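Which chain is which? The protein sequence lines are A and B, in order. Going by this note's numbering, the letters in the first sequence line up with residues 1 to 467, in that order. Going by this note's numbering, the letters in the second sequence line up with residues 468 to 934, in that order.
Don't read these hints as lab results, they were simulated from the structure. Quick caveat: nothing in here was measured; it's all calculated off a predicted structure. Note that CB positions come from ideal geometry on N, CA and C, so glycine has one too. Please note that the accuracy of each hint is not assured.
[As the list claims (entries may be wrong)] Chain A is nowhere near these chain B residues, computed Cβ spacing over 10 Å in every case:
hint : residue
1    : A517
2    : Q545
3    : G775
4    : D806
5    : E815
[Stated by the list, open to error] Once the Cα atoms are required to be at most 25 Å apart in a straight line, the calculated SDA-like pairs of lysine to any residue come out as:
hint : chain 1 : residue 1 : chain 2 : residue 2
6    : B       : K771      : B       : V520
7    : A       : K304      : B       : G739
8    : A       : K442      : B       : Q859
9    : A       : K143      : B       : R577
10   : A       : K442      : B       : A834
11   : A       : K441      : B       : G542
12   : B       : K771      : B       : D733
13   : A       : K441      : B       : D733
14   : A       : K441      : B       : H827
15   : A       : K143      : B       : W574
16   : B       : K825      : A       : D167
17   : B       : K908      : B       : R926
18   : A       : K441      : B       : G739
19   : A       : K143      : A       : D82
20   : A       : K304      : A       : L432
21   : B       : K825      : A       : P454
2 protein chains.
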Amino acid sequence: MADRPMDMIRLDFDNLMAPGLSGGVEADEFAGGMAEAFGRAHAHVEAQRATGVLGFLDLPYAQESGQQAQKLADGFAQWFEDVVVLGIGGSGLGAKAVRDALLGPYWNDRSADGRDEYPRLHVIDNPDPDTMLGLLQRVDVAKTLFNVVSKSGATAETMAQYLVVRDAVERAVGAEHARGHFLFTTDPVGGALRRIGDAEGIPMLAVPPNVGGRFSVLSAVGVFPAAVCGIDTGELLAGAAAMAERCRSGRLAENPAGVLATLLHDAERAQGRSVHVLMPYSDRLRSVALWFQQLWAESLGKAKNLDGVLTPTGPTPVPALGASDQHSFLQLMMEGPDDKVVLFIEVEDHGPDAVIPKRHPEMSEFAYLGGHSLGELMNTERRATAEALRQQGRPNATLYVPRITPATLGQLFMLWQIATVYAGALYRVDPLDQPGVELSKKLTYGLMGRVGAPRPAMREPDPRWRI
Amino acid sequence: MADRPMDMIRLDFDNLMAPGLSGGVEADEFAGGMAEAFGRAHAHVEAQRATGVLGFLDLPYAQESGQQAQKLADGFAQWFEDVVVLGIGGSGLGAKAVRDALLGPYWNDRSADGRDEYPRLHVIDNPDPDTMLGLLQRVDVAKTLFNVVSKSGATAETMAQYLVVRDAVERAVGAEHARGHFLFTTDPVGGALRRIGDAEGIPMLAVPPNVGGRFSVLSAVGVFPAAVCGIDTGELLAGAAAMAERCRSGRLAENPAGVLATLLHDAERAQGRSVHVLMPYSDRLRSVALWFQQLWAESLGKAKNLDGVLTPTGPTPVPALGASDQHSFLQLMMEGPDDKVVLFIEVEDHGPDAVIPKRHPEMSEFAYLGGHSLGELMNTERRATAEALRQQGRPNATLYVPRITPATLGQLFMLWQIATVYAGALYRVDPLDQPGVELSKKLTYGLMGRVGAPRPAMREPDPRWRI
Numbered sequence: 001m002a003d004r005p006m007d008m009i010r011l012d013f014d015n016l017m018a019p020g021l022s023g024g025v026e027a028d029e030f031a032g033g034m035a036e037a038f039g040r041a042h043a044h045v046e047a048q049r050a051t052g053v054l055g056f057l058d059l060p061y062a063q064e065s066g067q068q069a070q071k072l073a074d075g076f077a078q079w080f081e082d083v084v085v086l087g088i089g090g091s092g093l094g095a096k097a098v099r100d101a102l103l104g105p106y107w108n109d110r111s112a113d114g115r116d117e118y119p120r121l122h123v124i125d126n127p128d129p130d131t132m133l134g135l136l137q138r139v140d141v142a143k144t145l146f147n148v149v150s151k152s153g154a155t156a157e158t159m160a161q162y163l164v165v166r167d168a169v170e171r172a173v174g175a176e177h178a179r180g181h182f183l184f185t186t187d188p189v190g191g192a193l194r195r196i197g198d199a200e201g202i203p204m205l206a207v208p209p210n211v212g213g214r215f216s217v218l219s220a221v222g223v224f225p226a227a228v229c230g231i232d233t234g235e236l237l238a239g240a241a242a243m244a245e246r247c248r249s250g251r252l253a254e255n256p257a258g259v260l261a262t263l264l265h266d267a268e269r270a271q272g273r274s275v276h277v278l279m280p281y282s283d284r285l286r287s288v289a290l291w292f293q294q295l296w297a298e299s300l301g302k303a304k305n306l307d308g309v310l311t312p313t314g315p316t317p318v319p320a321l322g323a324s325d326q327h328s329f330l331q332l333m334m335e336g337p338d339d340k341v342v343l344f345i346e347v348e349d350h351g352p353d354a355v356i357p358k359r360h361p362e363m364s365e366f367a368y369l370g371g372h373s374l375g376e377l378m379n380t381e382r383r384a385t386a387e388a389l390r391q392q393g394r395p396n397a398t399l400y401v402p403r404i405t406p407a408t409l410g411q412l413f414m415l416w417q418i419a420t421v422y423a424g425a426l427y428r429v430d431p432l433d434q435p436g437v438e439l440s441k442k443l444t445y446g447l448m449g450r451v452g453a454p455r456p457a458m459r460e461p462d463p464r465w466r467i
Numbered sequence: 468m469a470d471r472p473m474d475m476i477r478l479d480f481d482n483l484m485a486p487g488l489s490g491g492v493e494a495d496e497f498a499g500g501m502a503e504a505f506g507r508a509h510a511h512v513e514a515q516r517a518t519g520v521l522g523f524l525d526l527p528y529a530q531e532s533g534q535q536a537q538k539l540a541d542g543f544a545q546w547f548e549d550v551v552v553l554g555i556g557g558s559g560l561g562a563k564a565v566r567d568a569l570l571g572p573y574w575n576d577r578s579a580d581g582r583d584e585y586p587r588l589h590v591i592d593n594p595d596p597d598t599m600l601g602l603l604q605r606v607d608v609a610k611t612l613f614n615v616v617s618k619s620g621a622t623a624e625t626m627a628q629y630l631v632v633r634d635a636v637e638r639a640v641g642a643e644h645a646r647g648h649f650l651f652t653t654d655p656v657g658g659a660l661r662r663i664g665d666a667e668g669i670p671m672l673a674v675p676p677n678v679g680g681r682f683s684v685l686s687a688v689g690v691f692p693a694a695v696c697g698i699d700t701g702e703l704l705a706g707a708a709a710m711a712e713r714c715r716s717g718r719l720a721e722n723p724a725g726v727l728a729t730l731l732h733d734a735e736r737a738q739g740r741s742v743h744v745l746m747p748y749s750d751r752l753r754s755v756a757l758w759f760q761q762l763w764a765e766s767l768g769k770a771k772n773l774d775g776v777l778t779p780t781g782p783t784p785v786p787a788l789g790a791s792d793q794h795s796f797l798q799l800m801m802e803g804p805d806d807k808v809v810l811f812i813e814v815e816d817h818g819p820d821a822v823i824p825k826r827h828p829e830m831s832e833f834a835y836l837g838g839h840s841l842g843e844l845m846n847t848e849r850r851a852t853a854e855a856l857r858q859q860g861r862p863n864a865t866l867y868v869p870r871i872t873p874a875t876l877g878q879l880f881m882l883w884q885i886a887t888v889y890a891g892a893l894y895r896v897d898p899l900d901q902p903g904v905e906l907s908k909k910l911t912y913g914l915m916g917r918v919g920a921p922r923p924a925m926r927e928p929d930p931r932w933r934i
């Protein structure tokens with residue numbers, strides 16, 4: 001690392017601007033009203049930061065907690081063949097994004113040797129019995145560590161998974177040895193998981209109180225799973241720190257998170273482009289697009305604005321994948337309603353590449369492929385698709401990732417997290433709460449018989465409308 | 468099968484109708500104008516069917532081609548440890564949907580014995596070099612069958628993958644034995660792949676000319692990968708046939724595909740609810756939601772209507788997953804703009820279930836979970852979420868799948884395919900073409916140097932808009 005400067009992500013937003021994009025943003029609008037609007041959003045976020053609610057901004061610098069996660073990981077890595085993360089929502093998606101980007105598509109299929117003796121990594125983010133029972137058959141429970149992640153320590157799905165797994169571990173290794181197979185990632189002080197951990201002496205990592213689940217990927221939630229599989233988490237956090245520095249500027253033209261937030265907000269508000277598609281051309285980054293979806297949707301989808309006025313707000317984030325989705329979703333993006341903005345991610349250097357052999361020179365349909373590489377094909381298709389959309393008047397932008405490394409992934413995470421709080425300020429909503437998920441939880445408590453939760457009166461469906 | 472009636476999917480659309488849904492569809496509107504509009508769409512589709520363009524409707528009855536795929540599969544299954552499908556768009560997503568739903572999440576991790584000696588199944592639907600090289604390390608190429616799927620026989624991504632794989636196979640087993648490791652699924656008469664197959668004596672399966680990629684899951688495209696892993700494809704097709712029969716009726720109130728198409732079209736046109744979310748509460752059906760997305764997006768996203776008038780059309784389909792997305796996307800669905808319809812899928816019987824042990828009766832936060840099962844938790848959460856959305860005035864409906872079997876999966880596929888052509892008729896667009904994906908292909912040809920494709924003039928981005 002030290003002898004090579006850090007790879008830096010670049011944002012190219014030419015295809016959102018006039019005259020490249022017909023009807024795009026004018027340079028003086030960008031430098032004028034937009035820069036001013038961003039200035040206000042920036043000031044709002046700086047004020048929020050000063051009150052201490054934006055804990056995710058401090059995570060890259062949280063030396064102590066990072067080292068604690070690393071130390072626990074170093075200790076565990078040699079003992080376990082499999083590590084299973086039990087967590088839902090942002091907790092699960094963050095760990096998945098790290099795993100898929102940095103360990104690659106076949107990590108869990110490799111031999112121990114092929115993994116440099118690091119464990120396999122599973123993220124079980126849904127309480128589907130089929131997946132849970134399949135997992136328990138697939139791993140050797142006696143050689144498995146379960147990292148239970150719940151900030152509140154009471155997440156129904158995660159606690160249900162924990163109870164099932166706990167039983168399986170006790171059956172496999174005996175009740176007295178079970179505690180050695182668990183690591184809890186939870187609130188530093190309170191909650192049921194913390195109480196169990198304290199009572200049983202189970203090792204625990206903390207999610208800072210000012211870091212919500214969807215902003216937690218750079219806390220122990222993402223750092224422990226990364227570290228236990230040998231990922232350089234120092235580099236992950238250094239990348240995040242570098243991006244946080246770049247995104248500190250109050251000048252729009254210098255701040256990539258500001259540009260993303262401002263132009264996406266404008267596209268939605270001024271032009272009704274409410275569908276925001278994140279489309280990496282890389283299998284490894286598919287999960288990053290899913291992680292982005294939960295971040296953008298849950299942070300900006302709000303009924304009330306900051307003044308408490310009812311004004312349902314929020315763009316619809318959609319994850320896509322290039323080149324695959326050129327054979328499906330692209331049709332809608334090119335020809336359907338002009339209500340979308342596409343954010344591409346291009347990986348400039350895919351690493352080891354596969355050259356396409358020259359065979360069948362007589363077959364003009366595909367002979368031209370010979371001599372190029374698969375990585376070249378991917379990136380050429382992305383470039384062609386961005387240009388096709390531009391020619392159609394459809395706005396798009398591209399994040400160029402030099403290589404997929406812990407440092408560039410850390411940058412990506414931080415870029416979108418900061419863009420999210422700027423977007424919150426521009427939309428004038430609270431990007432940190434999620435009141436809309438409570439009613440469903442409350443009804444579930446009632447239906448499942450939680451003490452103190454009244455059984456809800458559920459509507460009896462009209463049989464005419466069931467066929 | 469014979470001694471038990473087929474499990475049938477049910478559609479409950481009470482939460483789209485008044486008075487259950489505030490502002491929902493009135494019964495007399497449903498029985499009046501909507502039934503008439505559907506009657507016209509039904510007549511349009513019946514006329515299309517008569518011209519022979521809706522080949523997917525015949526696939527459940529295509530005994531001969533189904534048997535041919537089965538016969539090849541029976542022959543191959545015992546020879547190969549791994550089967551790799553190379554196909555993109557609908558071709559890849561169809562095979563994935565079948566695999567994930569019917570083989571389950573850990574099929575490829577099981578021992579040969581755990582797979583009843585059937586092969587592992589990989590679907591590589593993106594020409595990402597990292598995935599391709601990872602796959603070639605992961606499998607023993609000498610014991611692997613590659614099923615190359617391209618209707619035209621010239622799909623750039625798939626042919627590039629074929630050329631790379633062909634080289635690897637020849638290196639592993641020698642040029643003279645390579646042909647035994649391939650099966651082509653392509654046009655019955657023409658195209659490059661057919662010509663190569665003919666010249667080399669490679670076994671081939673046909674995609675009927677009147678079946679497009681996104682409607683091909685019940686052709687050899689989906690049937691071969693299913694059969695080679697021991698799935699009862701007769702049951703898959705019988706399920707599809709049963710649904711095709713149910714959806715033959717011109718009476719809206721009896722036709723589930725008609726109800727889906729009519730109510731989703733109306734939600735978009737009359738109420739601006741343009742985001743159509745398919746949200747199964749089942750990990751196995753996650754890929755079905757992705758398959759639905761490509762089908763709905765590419766079929767309905769059209770610039771011109773049937774009169775050739777420019778009128779960009781098409782709802783935005785979004786795949787989601789319960790219960791996971793209750794911890795993210797649900798916030799937007801509950802509180803964000805009222806521009807969405809949510810289609811749930813509930814699996815009524817998850818099969819072997821995991822009972823949640825009763826531990827920590829003192830912890831009221833989660834003690835209530837004890838004694839319930841994970842499947843019960845999933846289904847209760849779905850019910851609670853549907854009710855929460857209803858109380859919020861947000862439209863939703865539920866497809867009840869008794870169990871995930873080949874027969875119910877076949878029904879699901881056919882239901883959505885028929886709903887798609889009805890929706891095409893209601894939107895007055897051609898659901899069978901995809902002209903919007905051509906420009907990107909053309910630009911790629913030019914950039915890659917295909918003979919006869921002029922090098923395109925690409926816009927030079929303004930360096931001011933790159934940071």
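Consistency of the hints with the structure:
no. : hint            : in the structure
1   : A517            : holds (26 Å)
2   : Q545            : holds (23 Å)
3   : G775            : holds (13 Å)
4   : D806            : violated (7 Å)
5   : E815            : holds (13 Å)
6   : K771/B x V520/B : holds (19 Å)
7   : K304/A x G739/B : holds (21 Å)
8   : K442/A x Q859/B : holds (14 Å)
9   : K143/A x R577/B : holds (18 Å)
10  : K442/A x A834/B : holds (15 Å)
11  : K441/A x G542/B : violated (51 Å)
12  : K771/B x D733/B : holds (19 Å)
13  : K441/A x D733/B : violated (30 Å)
14  : K441/A x H827/B : holds (21 Å)
15  : K143/A x W574/B : holds (21 Å)
16  : K825/B x D167/A : holds (10 Å)
17  : K908/B x R926/B : holds (17 Å)
18  : K441/A x G739/B : violated (28 Å)
19  : K143/A x D82/A  : holds (7 Å)
20  : K304/A x L432/A : holds (13 Å)
21  : K825/B x P454/A : holds (21 Å)
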